[in-house]
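Read top to bottom, the protein sequences are chains A and D.
With this note's numbering, the residue at position 187 of the first sequence is 220, and numbering never jumps.
With this note's numbering, the residue at position 158 of the second sequence is 200, and numbering never jumps.
The hints are simulated quantities; they were obtained by calculation from the structure and are not laboratory data.
It is possible that part of the hints are untrue.
What the hints assert, rightly or not - Examples of chain D residues lying across from chain A (beta carbon under 10 Å, computed):
no., residue
1, Pro-101
2, Glu-104
3, Ala-107
4, Val-161
5, Ala-210
Claimed, not checked - Only pairs whose alpha carbons sit at most 30 Å apart, straight line, appear in this in silico DSSO-like list of lysine-lysine:
no., chain 1, residue 1, chain 2, residue 2
6, A, Lys-52, D, Lys-133
7, D, Lys-98, D, Lys-133
8, A, Lys-364, A, Lys-353
9, A, Lys-271, A, Lys-318
10, A, Lys-318, A, Lys-364
11, A, Lys-353, A, Lys-318
12, A, Lys-380, A, Lys-364
13, A, Lys-74, D, Lys-214
14, D, Lys-160, D, Lys-98
15, A, Lys-52, D, Lys-172
16, A, Lys-66, A, Lys-48
17, D, Lys-173, D, Lys-160
18, A, Lys-74, A, Lys-52
19, D, Lys-98, A, Lys-48
20, D, Lys-172, D, Lys-160
21, A, Lys-52, D, Lys-160
22, D, Lys-133, D, Lys-160
23, A, Lys-271, A, Lys-146
24, D, Lys-214, D, Lys-172
25, A, Lys-52, D, Lys-98
26, D, Lys-173, D, Lys-133
27, D, Lys-214, D, Lys-133
28, D, Lys-214, D, Lys-173
29, D, Lys-98, D, Lys-214
30, A, Lys-66, D, Lys-214
31, A, Lys-146, A, Lys-364
32, A, Lys-48, D, Lys-214
33, D, Lys-98, A, Lys-74
34, D, Lys-160, A, Lys-66
35, A, Lys-48, D, Lys-160
36, A, Lys-52, A, Lys-66
37, A, Lys-380, A, Lys-318
38, D, Lys-172, A, Lys-48
39, A, Lys-139, A, Lys-271
40, A, Lys-367, A, Lys-380
Glycine included, every Cβ here is placed at the ideal spot set by N, Cα and C.
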Amino acid sequence: MSDNRPSEPLEQTRKALVKYWPNPLPSASARAKILQRIEAKERRRAWPWLLVAAACVALLFFFVTGERNGRRDSLASIENAEFVSSDDAVFEVLQNDSEGVRIALKHGRLRSKVQPLREGQFFIVTAGDVEVSVVGTDFELRMEGQRVQVEAFAGRVRVHALQEEVVLRAPSVWPKALVPRAGQRSESTVDAGQEQIKRVDAGNVEAKAKESGSTTKKLRVGKEKKRATANESSSNFKRAKDFEGRGEYAQALVLYREIADSRGTLAQDSLYAMGRIFLRSDLPKARATFAEYTQLYPNGRYLAAVYVHLADLWSENPRKLRVFAQEFLAKYPKDARAPRFETILEKTEQPSP
Amino acid sequence: MLLAIADPKASFAPGACEFSCVYREYFDYVFRIVGRLCGGSHVEDLTQEVFMVAYKRLPEFENRAALTTWLFRIAYRIVGAHVRGERRRRKLSELLGRKQDGIEAQNPMLVEHSQVRKVLIESVNQLPWKKRSVLILHDVEEWSAQEIAGHIGISVNTVYSRLRGARAQLAKRFTSLCSSPEGDENVR
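So here's chain D without its partners, still in its complex pose (with noise of 0.2 Å):
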């Protein structure tokens, strides 16, 4: 089941403590968010990145908004930063004719994951990175949408256009690929 994630709607004093309190108060939080959002590979690097820029632009925070929802702006931007990268970079192999690392290259926890699992987390990473986080967000971190909404800084109207289409995308890829004869039997 789902962990429990920090309280999204958690205040913080601005000056109640400086960086290394709010790295040990909101570290978990945000390396759950991104790992969530990436999908479990680069978590650390990914974490590290937050971390440095929540370090430069602490002083710049001025409390209108709670400091986790301001974390997660910083991880959402990195984050889909990142996964557009990747898939940039995986669109070029492509083009190129390279052989693409297998997705247990680029996230070691994968490996020992069953076949299913792979062809999930391919299908999501087929997904556009707007579509993709409010799906993750809404789907398995629960979050409503509202709240997600709120940190994303989008209406609500949109958060559901958003998670309709990614549902419909990703069933029907996931549908697609489980309905081939490696990953047919691995979905039942």
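Only chain A is shown next, with the shape it has when bound in the complex (with noise of 0.2 Å):
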């Protein structure tokens, strides 16, 4: 085309233009670069991607296989009730059966949502000397170390901890703060939502130690021991209910015996279980350990069971067996096997002088 050649003005601007307008040069140096450049942002690019894969192939494998530290599997049997744990929790069923559920929490929290049980069927979670039972609620139990807390959601739940027993109508929080669990204790008014609480006096154990250093070393030394006897009675309560679960009664009952001596929180438990094997092969012991049931545990969560057990061993005694109606009744008045005991009562009935 001739007329996109441009007029004579513009020619010097049109040679100057192709004269000087730079003219980069590529170059093996340049090439190389570039690649690489482009490569390594390809790499970057595809890391998120790889990341989120790694993360996803990790959660299946903890969700399949049950892994998660054991936690679900064992959970996962335990019927009527959702458990949410802290990922940090490490916790032990220590019995999963018709009678109850007993868990053991080592640490992190562990919240149960626990539906109505039946009659006689108990739900227990301890933590370290803390045991919190509880009918039909949701509630959390944190460990963090030697601290223990106990928050009721819904329901109401006994927390035993030591010497003291309380009661928590939901919503609250015992104790109010994660204080540890030692040495000197004073009382405290009730709480709108308490039954009946005895809270440990943190700050007051914390000045008193500062004070002295060698009653904290005694408190610490005190500590460890109770919470190593308590993991070793639970570590010893679960070895125990193998061997009687494989008919090894024997064994079962050495273990159980050192177990209810210890009265640590699993003692009475373990008396319970020794009288129910006993009643297999060894009735005039069974009458005993029950005995010693009901000496022990006056308000032991076995009690009502135990009154029972004791009412078929001796029911060839009548003096006997009305002082067992007697006792039940007065206690369990509602409960479904209460009829039966008023039947006894008025079988046994002595007639009038």
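Build the complex from these two chains, which are given one at a time in their own frames, with help from the hints.
If you want it as structure tokens, here you go:
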């Protein structure tokens, strides 16, 4: 095209443009450098996806295998209860059968939502020397080192801690803050949501501990000892349960006796388990064991069942039978088994002189 | 004189080779096109951007146009965005009264060059992107109007129109700058 040629005044500009316009030359180094940069950028672009993929695989692994510290499997088998645990929670299912559920929390947080239980069934979560028993509720137990805290979200829970017993009504927390549970105690007023509470006076404990270094040391040693004993008891209890399950009663009885003598949180469970084993073969020993239980644990959680067993064991002895019936009815007048004891009471009624 | 750029009409069979093949075969072409269109500044960065886009879009290439045309269009858009951005930044700096980096700072190739070259590049930088690209391709790269129209996707008449406008604006700006005392001697 002839008309696209510039006219004379513009020719000078065009020549300058052709002559001076930059003309960068491609070089081998530029070629390699740019390719490297593209590859690096592509790798960086792929990283987030790789991370997401790895996270998905890890999650899938945990959920499929149920590894997650072995918690999902053990808890999945517990009926009528939902659990939410913190990532660092460590716990052990000591018992899970028709009688009830017993879980030992070693560390972390475990929230349990429990459906109403059957008559005589129990649901207990322990953390160190604190025991939480429940009949249909939603609660969380937290344990950080030596500190234990219970929070009830719905229903009621009974907390046993060493010598004290507290009934929490939702919504309430015991104690208010995560405080060390050891040493000096002081009674405090009852909260609106709590029937009875004896709370640890943490400030008092700490102040006194500061006064005397030796006191602190003693407290710490005492706490560690108690904790070690509690852990040992829980593992022994599990072993004993295993022995019992396999029919190896002699070994089970040795371990149960050991735990029962330790007077720990599992002592009454062990004593009751011993009584049940003796029911199979040695009735006199069963009588003695259940009698021991009634003396040691007048408010024990198995007391009603123990009275039933004792009534069966002493069915030949109207005098004893009557005593058990009276005691049972005095303590459990609304229990489903109360009519049976009323009948016993009627039958064994002594003729008036 | 002008460098021989790869044949713009060269076709490319899809699937014949992958990105590494495209990069190896067309790196020089893309580098030169980008260098010419942007005026020598940020050539490596812009070439990298062109190949990044090509890398992502290569599976979508359907061989409806030559691969060089496809690469040219990517380069044209990327360099156009860059040039427009540079102009916006320059105008903003002028409005805010900030001192501009010299043209040498933007384009290290110009440090050793004469005053005429600086004036020329400043003049071209003042041109709108559409006119500037047509001017460079036609007058510097010596592409025909038909080739430019085919590559950019405009009519031949539009190419001529832009070319005329670009030349007139450049000549006006260039001669006015050259007639100033500092540029006059260099041009003569």
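Structure-based check of all given hints:
A distance limit of 10 Å between C-beta atoms decides the matter here; for Pro-101(D) the minimum to chain A is near 14 Å, and the interface restraint is violated. Because the beta carbon of Glu-104(D) sits about 23 Å from the nearest beta carbon in chain A, more than 10 Å, this interface hint is broken. A cut of 10 Å between beta carbons decides the hint on Ala-107(D): the least distance to chain A is about 23 Å, and the hint is violated. Using the Cβ-Cβ criterion of 10 Å, the hint placing Val-161(D) at the interface with chain A is satisfied: the shortest such distance is roughly 9 Å.
With a cut of 10 Å, the hint placing Ala-210(D) at the interface with chain A holds, because the nearest CB-to-CB distance is about 7 Å. At roughly 28 Å between alpha-carbon atoms, Lys-52(A) and Lys-133(D) fall within 30 Å of each other, so this suggested pair holds. For a cut-off of 30 Å, the pair hint linking Lys-98(D) to Lys-133(D) is broken: about 33 Å separates their Cα positions. Between Lys-364(A) and Lys-353(A) the CA atoms are separated by roughly 17 Å; this keeps the pair inside 30 Å, and the hint holds.
A threshold of 30 Å between alpha carbons decides the hint, and for Lys-271(A) with Lys-318(A) the separation of about 23 Å falls inside it, so the pair holds. Taking the CA atoms of Lys-318(A) and Lys-364(A), the gap is near 25 Å; set against the 30 Å cutoff, the hint holds. In summary, the hint linking Lys-353(A) to Lys-318(A) is supported, as the alpha carbons are separated by about 16 Å, within the 30 Å threshold. Between Lys-380(A) and Lys-364(A) the alpha-carbon distance is near 20 Å, which keeps this suggested pair within the 30 Å criterion.
A hinted pair counts as satisfied when its Cα atoms are at most 30 Å apart, and Lys-74(A) with Lys-214(D) does not qualify at roughly 44 Å. As the CA atoms of Lys-160(D) and Lys-98(D) are separated by approximately 37 Å, the hinted pair breaks the 30 Å bound. For the proposed pair Lys-52(A) and Lys-172(D), the alpha carbon gap of about 22 Å is at most 30 Å, so the pair holds. Taking the CA atoms of Lys-66(A) and Lys-48(A), the gap is near 34 Å; set against the 30 Å cutoff, the hint is violated.
Under the criterion of a C-alpha separation no larger than 30 Å, the hint pairing Lys-173(D) with Lys-160(D) is consistent with the structure, at around 19 Å. Restraint check: the Cα-Cα separation between Lys-74(A) and Lys-52(A) comes to about 37 Å, which exceeds 30 Å; the hinted pair is violated. Using a Cα cut-off of 30 Å, the hinted pair Lys-98(D) and Lys-48(A) is violated, with the two alpha carbons roughly 40 Å apart. At most 30 Å may separate the alpha-carbon atoms for a hinted pair to count; Lys-172(D) and Lys-160(D) meet this at roughly 21 Å.
Annotation: proposed proximity of Lys-52(A) to Lys-160(D) holds, straight-line Cα distance about 12 Å (limit 30 Å). Between the alpha carbons of Lys-133(D) and Lys-160(D) the distance comes to roughly 18 Å, so the proposed pair stays at or under 30 Å and holds. Our distance criterion of 30 Å between C-alpha atoms is met by Lys-271(A) and Lys-146(A), whose separation comes to about 23 Å. Proposed proximity of Lys-214(D) and Lys-172(D) is supported: the alpha carbons are some 18 Å apart, at most 30 Å.
Of the pairs offered as hints, the one joining Lys-52(A) and Lys-98(D) is violated, with about 37 Å between alpha carbons and a cut-off of 30 Å exceeded. A distance of roughly 19 Å separates the Cα atoms of Lys-173(D) and Lys-133(D); the hinted pair therefore holds under the 30 Å criterion. At roughly 20 Å between alpha-carbon atoms, Lys-214(D) and Lys-133(D) fall within 30 Å of each other, so this suggested pair holds. Restraint check for Lys-214(D) and Lys-173(D): the C-alpha separation of about 14 Å stays at or below 30 Å, so the hint holds.
For the hint pairing Lys-98(D) with Lys-214(D), the CA-to-CA distance comes to about 42 Å; that exceeds 30 Å, so the pair is violated. Taken as a hint, the Lys-66(A) and Lys-214(D) pair is broken in the structure, with Cα atoms around 40 Å apart against an allowance of 30 Å. Of the supplied pair hints, the one linking Lys-146(A) and Lys-364(A) holds, its CA atoms being roughly 28 Å apart against a limit of 30 Å. Of the pairs offered as hints, the one joining Lys-48(A) and Lys-214(D) holds, with about 15 Å between alpha carbons and a cut-off of 30 Å not exceeded.
For the given pair, Lys-98(D) sits about 12 Å from Lys-74(A) by alpha-carbon distance, which is consistent with the 30 Å threshold. For the hint linking Lys-160(D) to Lys-66(A), the alpha-carbon distance of about 28 Å falls within 30 Å, and the restraint holds. For the hint linking Lys-48(A) to Lys-160(D), the alpha-carbon distance of about 15 Å falls within 30 Å, and the restraint holds. In summary, the hint linking Lys-52(A) to Lys-66(A) is supported, as the alpha carbons are separated by about 29 Å, within the 30 Å threshold.
Proposed proximity of Lys-380(A) and Lys-318(A) is supported: the alpha carbons are some 27 Å apart, at most 30 Å. For the proposed pair Lys-172(D) and Lys-48(A), the alpha carbon gap of about 21 Å is at most 30 Å, so the pair holds. A distance of roughly 15 Å separates the Cα atoms of Lys-139(A) and Lys-271(A); the hinted pair therefore holds under the 30 Å criterion. With a C-alpha separation of about 20 Å, the suggested pairing of Lys-367(A) with Lys-380(A) holds against the 30 Å cut-off.
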